[in-house]
Amino acid sequence: MFVRFFYVALLGAALAFGVFSPAQAAPYAAMVMDARNGEVLHSRNADTRLHPASLTKMMTIYIAFEAIRLGEITLDTEVTISANAAAEPPSELGLRSGSTIRFRYLIRAAAIRSANDAATAIGEAISGSEAAFARRMNRTAAALGMTRTTFRNAHGLTEDGHLSTARDMTMLGRRLVYDYPQYYNLFSRITADAGIAQVRNTNRVVLTNYRGADGIKTGYTRAAGFNLVASAQRGEERIIATVFGGRSSAWRNERVMELLDMGFERAPSTVALRTPALPTYTDDGTAGSSHTPPGQRAPTSSIRPFMRPHGGVDADVLAAIDDAVGAALTQATGADAEVAAAVEAALNAVEGAPRPAPRPEPQAALDPEPEPLIPPRPAPEPEVVTRASSTGSRLFGVSLGAQTSHHAAERLLLRTALAELGTFDEALRRVVQVSRGYDARFAGMTEDQANRACARLNARSVACETFGP
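Numbering follows our numbering, with no gaps: position 116 of the sequence shown is 119.
In short, the hints are calculated from the structure, not lab data. Check each hint, because a few of them may be wrong.
Ranges between beta-carbon positions, derived for each pair [claimed, not checked]: (1) Asp163 - Gln436: 21 to 27 Å; (2) Ser191 - Asp451: 27 to 33 Å; (3) Gly148 - Gln436: 41 to 47 Å; (4) Pro472 - Gly148: 54 to 60 Å; (5) Ser438 - Glu162: 58 to 64 Å.
Heads up, the beta-carbon is just placed ideally off N, CA and C, and yes, glycines get one too.
Could you build all of it, start to finish, from the sequences and the hints given here?
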């Protein structure tokens, strides 16, 4: 009996600390890509079809951005929540059937909180039903070259045949970066206002503990394991790393950061940027949609690519000018005066042609205040700082001691931060060169926080000391 109790207790501890988990049976797959040109720097089982879990919401959000661009819906459209959306299981925003909420808040909740009810509401708002939206998702996936992906829903909960690959999801992550740069910064927010609640980013560990990390999406189900597509930029270099089938969130986060490190090591410093073109469709850009939101009208043809400005004269008017001038030249029989008169008459004939409607102003950003078209690149810094600067009384910190190299100090800080998530959530990670080497420090803490953090580390036999002003 004692032996049985011992093994049960041991298994429970292993599950609690992520050594084993029910998701461990999920196959592992990974990919590392240089986002600038799409070159694959590392892959493992990258074409194996696996459960994507909430990585699915990357496509849901991509189509939401596309629908805004095509004029099908706006960020401020009030969406009525269906009973189907309200009934989605957690993770959720807490939407109620019959309530209304702005479209922008649904996007934030799906991207940051990974809310299943918000994802379903997005799909229904655009296509009228989740089934119709899934058809549009598959059509868009095909246009983006995601050849081994099939979507069945907007949120990613496990469903028969709902499968993707590490390669396809890495490609989709790259598309979100370059196809909609005016919105991509959404994925880097630690918290955001989602209308009825403040939401926290499910990817905040990587965002706050990896230098240059700026997005994009986590996922977990029992069938999928712990998934993550992450992007980081350092200077001109941008790397995207994807993991499918992680056995715990901590393991997944650590593995993704190792893959990002690998990417920055392998990627050349200078690469010609080759951004992909927006997808093209043979229909009007809304296949799978049987629904037009109130006050919106789906365009009869894709509005991209845009024509270059012609001083207020559209393509039809220009074509009319060309035809009239051509006819005039034919009739002129070489006489300069007659040619001039005919051309003048042709221009006068089209001068009264109706002017095109003014081009609509770009959609408002996801926040009321304007957002940059392209997220600003972080300026090079002599030290590693991954959270906002300390102010006021936050002048204390914890030193883990000098290390032999900058990289060793950075890795020590990372391992410690992951092991003590609650302790150093609000601290800065800094590597400071000292006479003995490179000092690994957590800074930006109050005196009480620093003392308690060091006491916790000492209890785990981790050497540390506090410092202050």
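Query - Consistency of beta-carbon spacing, Asp451 to Ser191, with hint 27 to 33 Å - result: With Cβ atoms ~30 Å apart, the hint holds.
Query raised in the report: Given a hinted range of 54 to 60 Å, is it respected by the beta-carbon distance of Pro472 and Gly148?
Result: With Cβ atoms ~55 Å apart, the hint holds.
**Report entry** Hint check for Glu162 and Ser438 - Cβ pair distance inside 58 to 64 Å
**Finding:** holds (60 Å)
Query raised in the report: Do the beta carbons of Gly148 and Gln436 sit within 41 to 47 Å of each other?
Result: holds (45 Å)
Query raised in the report: Does the hinted range 21 to 27 Å hold for Asp163 and Gln436 at CB?
Result: The hint (21 to 27 Å, Cβ to Cβ) is violated, given that Asp163 and Gln436 are roughly 56 Å apart.
Consistency with the previously given hints fails for number 1 only.
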